[in-house]
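S.K.: Model the full assembly from the supplied sequences, consistent with the hints where possible.
So the protein sequences, as listed, match chains Z and Y.
Under my numbering, think of the first position of the first sequence as 1, with each following residue one higher.
Under my numbering, think of the first position of the second sequence as 1, with each following residue one higher.
Rather than coming from a laboratory, the hints here were simulated on the basis of the structure.
There may be inaccurate statements among the hints.
As the list claims (entries may be wrong) - Heads up, incomplete: computed chain Z residues facing chain Y, CB under 10 Å, no partners named:
no. : residue
1   : Pro292
2   : Gly294
3   : Glu297
4   : Ala298
5   : Ala299
6   : His300
7   : Ala301
8   : Leu302
9   : Gly303
10  : Leu304
11  : Ile313
12  : Gln317
13  : Gly396
14  : Gln399
15  : Arg400
To be verified - Pair by pair, the computed Cβ-Cβ distance ranges are:
no. : chain 1 : residue 1 : chain 2 : residue 2 : range
16  : Y       : Ser175    : Z       : Arg7      : 34 to 40 Å
17  : Z       : Val178    : Y       : Thr76     : 57 to 63 Å
18  : Z       : Leu222    : Y       : Gly29     : 32 to 38 Å
19  : Z       : Ala159    : Y       : Ala83     : 33 to 39 Å
20  : Y       : Glu221    : Z       : Gly102    : 51 to 57 Å
21  : Z       : Ala124    : Y       : Pro119    : 55 to 61 Å
Said to hold, decoys possible - A few chain Y positions that, by computed beta-carbon distances, are all more than 10 Å from chain Z:
no. : residue
22  : Asp16
23  : Lys23
24  : Arg65
25  : Gly66
26  : Ala126
27  : Pro137
28  : Asp187
29  : Arg190
30  : Gly207
31  : Gly228
32  : Phe234
From the three backbone atoms N, C-alpha and C, an ideal C-beta is built for every residue, glycine too.
Letter by letter, the chains look like this.
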Amino acid sequence: MTAQGERLPPPTVSLGPSTWLRENLFNSWYNAVLTVVLALILGWLAIRVGEWATTTARWGVVTANLRLFLIGLYPADQAGRVWLSLTALSALAGLSAAVWRGAAVRTLAFWLAAAQALLAGLAAVSELGLAVTFALLLNVAIAWTAFAVGLRLPVPRPALAIAWLAFVPVALVLLAGVGGPLPVVATNLWGGLLLTFLLAIVGIVLSFPFGVLLALGRRSDLPAIRLLSTAYIEIIRGVPLVTILFMAAVMLPLFLPGEIRVEHVVRAMAGITLFSAAYVAENVRGGLQAIPSGQVEAAHALGLNALQTNLYIVLPQALRSVIPANVGLFISLLKDTTLVTIGAGLLEILGIGRAVLAQSEWFGAQLEVYAFIAAVFFVMCYTMSQASYRLETALGVGQR
Amino acid sequence: MDDETIGADAIIVCRDVHKWFGKLHVLRGIDLTVRAGEVVVIFGASGSGKSTFIRTINRLEDHQRGQIFVDGIELTDDIRNVAAVRSEIGMVFQQFNLFPHLTALQNVTLGPIRVRKVPRQRAEQAAMELLERVGIPEQAHKYPAQLSGGQQQRVAIARALAMQPKIMLFDEPTSALDPEMISEVLDVMRELAGSGMTMLCVTHEMGFARAVANRMVFIDEGRIVEVGPPQQIFEAPQHERTRRFLSQILH
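M.R.: So, in structure tokens, the structure goes:
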């Protein structure tokens with residue numbers, strides 16, 4: 001019996017591994033049997049996969065074609081330009097991770113550096129050789145240096161934002177070239193992981209604001225805007241992405257005057273962006289509907305007009321609550337970039353994989369190629385979902 | 001009846017206000033005049049239209065017939081009139097309606113910074129003074145989810161006061177609170193009334209009404225049944241419905 005007002009410490013529970021095993025896996029006879037059986041099955045699978053991966057697998061298909069997988073048909077002698085844009089990206093990412101201090105930004109920057117380190121290791125055992133290894137490791141070093149610099153020096157935030165905005169056209173010019181000292185590289189030569197990355201980034205960054213505008217338009221009081229937004233969303237959602245890519249590749253030149261040539265890559269980016277925006281719009285609309293009407297009433301009672309109410313009260317709450325849904329959408333978008341192989345005739349990483357397999361010397365090496373591509377996608381998608389999880393925690397999604 | 005004569009210091013004038021929700025006739029000819037500095041308590045059964053009525057004063061609900069004047073400005077569909085009226089009225093809701101993604105301080109400073117373009121430093125200073133006035137300056141950097149109901153409602157009152165309104169509307173401010181937190185909110189409202197603010201309160205707190213109200217208005221089925229000072233309403237109600245309602249709530 002405790003005395004009046006006396007507080008006791010909680011009972012101590014031993015949390016050693018043997019206790020955990022006993023309580024979770026072996027707590028009754030049938031659980032124990034299940035545990036043993038599953039352990040045997042998983043162990044056998046692991047051994048078989050491990051055996052295959054280390055002995056009979058022909059990883060040469062990956063290492064011998066690594067440049068194709070990474071940058072597609074981009075000319076090998078110009079590949080240094082790709083590396084240069086990666087360097088700039090790494091530096092900006094490292095700096096942003098220090099200055100913006102968000103958990104999501106740090107996760108993304110960290111994985112950019114880690115992925116380059118992994119690729120550096122892979123390059124060392126491949127046809128690319130140690131030069132590429134050192135180049136990639138140099139990028140990692142630059143990223144960490146930028147991070148350290150950002151922590152110590154006061155970097156003005158507007159300057160960083162302008163640097164990012166300037167990076168986009170600079171990187172595009174660097175990759176595409178303008179002739180003279182920087183030879184033009186036609187965009188249909190861009191391929192592999194470079195193309196996947198580019199299509200995904202552009203698709204995500206452009207479809208998000210467009211989708212938010214569509215969602216607001218669908219809930220607008222003005223009938224014309226509401227009709228246009230609804231029609232756009234329903235038509236796009238009714239059609240597979242492949243057909244949109246086909247139409248973008250074939251029909252876009254028909255609509256534009258003959259002098260304007262739209263690059264294939266731009267058509268693919270347009271198709272992906274237009275497609276994704278409709279889905280983002282529906283996610284955001286769900287978030288907007290979940291905002292209690294009292295929030296808007298309180299905002300109006302304070303004197304905030306419609307724009308201010310949306311900007312400061314409604315959208316911050318709505319967008320915050322649909323982060324899980326939207327990031328899921330973006331992860332799907334990343335994987336849907338594989339469709340440009342069919343729809344737009346470009347060779348992103350999966351298309352390169354199939355082209356590599358068509359070579360006679362690598363005939364039959366499907367498992368190795370697809371395992372590698374799956375691993376690449378897994379690293380990228382897992383990074384995104386981790387960044388999303390940290391962002392949710394930082395913003396208090398589901399807690400306030 | 002004094003709500004027929006429009007005095008020079010009448011700050012709210014409602015003439016024959018009707019409102020329909022679709023086919024439902026919710027307000028059936030409300031006539032009311034409120035003078036500056038007056039505290040008016042509106043009470044009635046649920047569904048009687050009392051909340052709808054005070055929401056028409058700051059155009060959270062529109063009215064289909066009749067006229068409403070706030071400080072001389074008529075409430076019409078013209079958004080400039082509506083904006084002008086809303087800048088003079090502060091409202092406190094039953095469900096608090098605090099912005100959950102902002103701290104208490106940010107909730108209070110949002111209006112002044114964005115609507116009145118007050119510089120951030122001055123807005124935060126004024127906000128801290130208001131939070132002190134309602135008794136919770138130490139909660140300034142907490143989010144609404146971390147505050148108790150009584151604290152949230154007091155932040156809501158501070159938020160409304162930050163816009164320096166001439167009129168404060170209260171829509172059942174204590175109905176969603178646990179009993180022990182009701183008195184802390186009523187104390188703030190009492191102090192506000194004592195400082196000369198014009199207040200229109202929809203509430204069931206009869207003790208508060210008796211102590212603080214200048215006039216009480218009984219609304220039933222969309223009509224004003226009886227108006228008078230608390231003394232008259234409690235001790236000598238003139239209508240049967242008023243007597244019946246009071247006997248139901250004063251048990």
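S.K.: Please go over all the hints and tell whether each is borne out by the structure.
M.R.: Each hint tested on the structure:
{"no.": "1", "hint": "Pro292", "result": "8 Å, holds"}
{"no.": "2", "hint": "Gly294", "result": "4 Å, holds"}
{"no.": "3", "hint": "Glu297", "result": "5 Å, holds"}
{"no.": "4", "hint": "Ala298", "result": "4 Å, holds"}
{"no.": "5", "hint": "Ala299", "result": "8 Å, holds"}
{"no.": "6", "hint": "His300", "result": "7 Å, holds"}
{"no.": "7", "hint": "Ala301", "result": "4 Å, holds"}
{"no.": "8", "hint": "Leu302", "result": "4 Å, holds"}
{"no.": "9", "hint": "Gly303", "result": "4 Å, holds"}
{"no.": "10", "hint": "Leu304", "result": "6 Å, holds"}
{"no.": "11", "hint": "Ile313", "result": "6 Å, holds"}
{"no.": "12", "hint": "Gln317", "result": "6 Å, holds"}
{"no.": "13", "hint": "Gly396", "result": "7 Å, holds"}
{"no.": "14", "hint": "Gln399", "result": "7 Å, holds"}
{"no.": "15", "hint": "Arg400", "result": "4 Å, holds"}
{"no.": "16", "hint": "Y/Ser175 x Z/Arg7: 34 to 40 Å", "result": "36 Å, holds"}
{"no.": "17", "hint": "Z/Val178 x Y/Thr76: 57 to 63 Å", "result": "60 Å, holds"}
{"no.": "18", "hint": "Z/Leu222 x Y/Gly29: 32 to 38 Å", "result": "34 Å, holds"}
{"no.": "19", "hint": "Z/Ala159 x Y/Ala83: 33 to 39 Å", "result": "38 Å, holds"}
{"no.": "20", "hint": "Y/Glu221 x Z/Gly102: 51 to 57 Å", "result": "55 Å, holds"}
{"no.": "21", "hint": "Z/Ala124 x Y/Pro119: 55 to 61 Å", "result": "58 Å, holds"}
{"no.": "22", "hint": "Asp16", "result": "25 Å, holds"}
{"no.": "23", "hint": "Lys23", "result": "22 Å, holds"}
{"no.": "24", "hint": "Arg65", "result": "23 Å, holds"}
{"no.": "25", "hint": "Gly66", "result": "22 Å, holds"}
{"no.": "26", "hint": "Ala126", "result": "15 Å, holds"}
{"no.": "27", "hint": "Pro137", "result": "21 Å, holds"}
{"no.": "28", "hint": "Asp187", "result": "23 Å, holds"}
{"no.": "29", "hint": "Arg190", "result": "22 Å, holds"}
{"no.": "30", "hint": "Gly207", "result": "27 Å, holds"}
{"no.": "31", "hint": "Gly228", "result": "29 Å, holds"}
{"no.": "32", "hint": "Phe234", "result": "31 Å, holds"}
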